[in-house]
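Engineer: Residue numbers (the numbering used here), protein chains in the order written: chain A, 1 to 209; chain B, 1 to 209; chain C, 1 to 209; chain D, 1 to 209.
These are computed hints drawn from the structure, not numbers from a lab. Just to be clear, a hint being listed does not mean it is correct.
Where chains are identical, the list cannot tell them apart; a pair therefore holds if satisfied intra-copy or between any two copies.
Said to hold, decoys possible - Calculated cross-link-like contacts (lysine-lysine; reagent style BS3-like; alpha-carbon spacing at most 25 Å):
id	residue 1	residue 2
1	134	41
2	125	41
3	125	93
Since we're looking at a predicted model, the values are computed, not measured.
These are the residues of each chain, in order.
There are 4 protein chains.
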Amino acid sequence: MYIAPSGVQKERIQPAHIFVLPYPQPDGDRVFLRRPTVPLKESACTPLFWNAFTLRGAGSCIHTHSQHAVMATLLFGEGEGAEFRLSHQEMIKGVRRGGTGPALSYLDTLVVPIIENTPDEEDLKESMAEAMEKYPDAAGVLVRRHGVYVWGAYAGRANAKDADIGSPGSDWEKAKTQAEVRRFALSYSQLTPGRYHSALTISLRLGSR
Amino acid sequence: MYIAPSGVQKERIQPAHIFVLPYPQPDGDRVFLRRPTVPLKESACTPLFWNAFTLRGAGSCIHTHSQHAVMATLLFGEGEGAEFRLSHQEMIKGVRRGGTGPALSYLDTLVVPIIENTPDEEDLKESMAEAMEKYPDAAGVLVRRHGVYVWGAYAGRANAKDADIGSPGSDWEKAKTQAEVRRFALSYSQLTPGRYHSALTISLRLGSR
Amino acid sequence: MYIAPSGVQKERIQPAHIFVLPYPQPDGDRVFLRRPTVPLKESACTPLFWNAFTLRGAGSCIHTHSQHAVMATLLFGEGEGAEFRLSHQEMIKGVRRGGTGPALSYLDTLVVPIIENTPDEEDLKESMAEAMEKYPDAAGVLVRRHGVYVWGAYAGRANAKDADIGSPGSDWEKAKTQAEVRRFALSYSQLTPGRYHSALTISLRLGSR
Amino acid sequence: MYIAPSGVQKERIQPAHIFVLPYPQPDGDRVFLRRPTVPLKESACTPLFWNAFTLRGAGSCIHTHSQHAVMATLLFGEGEGAEFRLSHQEMIKGVRRGGTGPALSYLDTLVVPIIENTPDEEDLKESMAEAMEKYPDAAGVLVRRHGVYVWGAYAGRANAKDADIGSPGSDWEKAKTQAEVRRFALSYSQLTPGRYHSALTISLRLGSR
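Chain A on its own, in the form it takes in the complex (with noise of 0.2 Å):
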């Protein structure tokens, strides 16, 4: 697995500043098989990148600080059971059922739980799995006043060239699709303020469900 450093701009890093860890996990979440020999530290998300891989078998995971998933986590419900749902949106076509399966349609409704957020990043990895095993269909996970985690597929039968980061249709893609979905559906809820209630209200009773 890699992993990228803390507190380095995404546009800067370099090859030599990517943590590399074994496949599958041994026994804890920050073994090493190569570390940059810069003083860097692993990005601290690491053990909550687990729960994708481990989870949902993702082969590719991403988090994000955004506003609009913050806005997001303090609009849409307080307290346990909080989640954020939309439907009847074309874009929600380019998010997969539990994040690897297969594509939602336009008549399905795209589901996110919200967590509560801790002071040690670290100490979200619990409550996180347990979000995603109480959502199955979920392929992410917001936490309040935090951000959020998406994750993609891991394309088992994928030859060397599709493995290339970035290349169409590499896990990379996937997940990053599936990031823009969610960044485009959040934002979408906030777009009008004073009517993301009703377009929200539109939306659940036109619903599928």
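Starting from the known structure of chain A, fit chains B, C and D onto it as the hints suggest.
Structural biologist: Below, chains B, C and D without anything else, positioned relative to chain A:
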């Protein structure tokens, strides 16, 4: 005709990813002269692009899932006969009557029909064609909760140089200009929440119709 | 004078696309020393650019259809005498009195007249000139439902190096800075819908006038 | 110390445009070891940058006229003692106590004092210094109707490679990260007009203070 592949970011498309189709259209709308050798699918919009080529003689067609387009379809009327209208905006001079005719004047009203979405994109072909026939002056079609289709003129008289994608005056440039005008118009209509109605009312009241 | 072609994206303009006009202005405002050999038209704003060159001795002039500029013309007064006013913003120090004079101070009020649009852009020449004479300190003119014109100083004393487009201190850089200040001011005035009035009122109340 | 020139777009600054000053600061705050040979002025913020270097031992300092910063100074209190406060946001973990100390935790409250603007930027030096002394934990200072100053740690232990501007872990990177967190926090506070109060109230109610 050149059709982009599905699921590849537009910035990453390589010439070898492009599908080539014969024109005029033979028996089916997915007959290919050439296909990419890598495992890619043609855009799901292919049958809809043919609408622009066949019914309008367009030289290029763009489809987007723009948030502003999607929001406009929620704000401007429901059901059959829904339209997006805008007048008295300098920017509408960048739109051509029917997409391929003479440019609109500042005194004209830009009208874009809104059709309902379908679970399978290719099922939009008929309702899009109907809207194009009912609105011969429309230079685009909005699809509810989905996005927008915009097309540009076929430069029949273009010499080889002009036909270069992206050269000044090329078809592609013309469709792109019209897509940008649309983006401007749609986002403009949503710029100040709670004001778009009055802005629109002012437009219509002062309008030439 | 160098004038950009119409309908070509600014990032794609090649030197060979530029129209060259004599200065001072001879009989007509569209007399050319050189024209592109490809079939392009000069910007429809050409006569309006001459206003800036002739009435203000400007060295460069920029015209945009900025959404914020358009929206400002709808928000700040109707009919004759409409003005956009802003004071007590550090950014207005980037604007020069009349566009070519000394910089405004933090205690000054930025005033930009708003004129009505016309179907043909060149018909704006006279009303723009009138507004420039009525507002000798204005460094730009807003056109209702259309956009904004902004100009910068002619660096009469500039040596060849300074005159390079884009070099620090060049005319172009100065006009661009002023255009960016205007963009800031206009979008700032619309940042929080429903608050721009009070923000503006605070500005005026504390203003130096 | 390296100071950027005034009035040059940041993307166009060449090494030869940079002013070099001695550290520690001698008699005046504008004593130069080297000046550009082209006619440029040092940034008007020069005396204010010295505040960050002298009072905090900062290794870098950034000043912007961000719209969100300006708007925050209008939204969060008037007169003396005004502060921008935010808590329970994952992003505040990117800010260091006092700008150069240990990182804030998720349970901390980010506090940034707001000082009044002055017509001449250098006259801010004293009030900025006062605010920095009154708020030893603040990692930045907001200036009403003007912008924000943010600084980062001086990496005294940095080797030559780490000290490269932009290298992971460099001072510049650290100040930039903190500036981005501030941009996030400020724009977040304004994301949904009419909601920032309640969002903030929730923050404070749940806050650790």
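Engineer: From the Cα coordinates, with 25 Å as the cut-off, is the pair residue 125 and residue 93 best called within, between, both, or neither?
Structural biologist: Classified as between; 19 Å across copies, 28 Å inside a copy.
Engineer: For the identical chains here, do residue 134 and residue 41 meet the 25 Å Cα criterion within one copy, between copies, both, or neither?
Structural biologist: For residue 134 and residue 41, the Cα distance exceeds 25 Å both inside one copy (32 Å) and across copies (34 Å).
Engineer: Check residue 125 against residue 41 for me: Cα-Cα at most 25 Å, and say if that holds within a copy, between copies, both or neither.
Structural biologist: This pair counts as within: shortest intra-copy Cα distance 19 Å, inter-copy 37 Å.
Consistency with the previously given hints fails for number 1 only.
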